[in-house]
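Asker: Kindly generate the complete structure, drawing on both the sequences and the hints.
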Amino acid sequence: MVAVVGAGIGSLVGLAVSFLGAGNWALIVGAVLGAVLPLLVLGQPSI
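Using my numbering, you'd call the opening residue of the sequence shown number 1 and step up by one each time.
Check each hint, because a few of them may be wrong.
Between beta-carbon pairs, the in silico distance windows are [stated by the list, open to error]:
1) S46 <-> G21: 24 to 32 Å
2) L39 <-> L15: 28 to 36 Å
3) G43 <-> G23: 15 to 23 Å
4) I28 <-> V2: 16 to 24 Å
5) A22 <-> P45: 14 to 22 Å
6) G21 <-> P45: 13 to 21 Å
7) L39 <-> A16: 16 to 24 Å
8) S46 <-> A22: 32 to 40 Å
9) S46 <-> A16: 26 to 34 Å
10) G21 <-> L42: 29 to 37 Å
Please keep in mind that the hints were generated in silico from the structure rather than gathered at the bench.
Virtual Cβ for every residue (Gly too), placed ideally from N, Cα, C.
Answerer: So, in structure tokens, the structure goes:
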């Protein structure tokens, strides 16, 4: 769940950067970083 929320927030940040002229790659990179970074920082979720 954290990865899904992080990917959503990351893609929104990527959209803002895309408007600054970085192109569509900013959306993809933002979504990937948003999904991966919370898992690296917080660790794997324990169910």
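Asker: The structure should be examined with respect to each hint, and the outcome stated for every one.
Answerer: We went through each hint and held it up to the structure:
Checked against the given bound of 24 to 32 Å, the beta carbons of S46 and G21, roughly 41 Å apart, lie outside it. For the hinted restraint 28 to 36 Å between L39 and L15, the CB-CB distance of approximately 22 Å leaves it violated. Separated by about 33 Å at the C-beta atoms, G43 and G23 break the suggested range of 15 to 23 Å. Look at I28 against V2: about 19 Å separates their beta carbons, and that is inside 16 to 24 Å.
The hinted range of 14 to 22 Å is not satisfied by A22 and P45, whose Cβ atoms lie roughly 31 Å apart. A C-beta distance of roughly 36 Å is found between G21 and P45, which places it outside the suggested range of 13 to 21 Å. In this structure the hint that L39 and A16 lie 16 to 24 Å apart at CB holds, the actual value being about 23 Å. A C-beta distance of roughly 36 Å is found between S46 and A22, which places it inside the suggested range of 32 to 40 Å.
Hint check: S46 to A16, Cβ distance near 33 Å, so the stated range 26 to 34 Å holds. Distance hint check: the CB atoms of G21 and L42 are about 32 Å apart, consistent with the given range 29 to 37 Å.
Hint violations for this structure: numbers 1, 2, 3, 5 and 6, all remaining hints satisfied.
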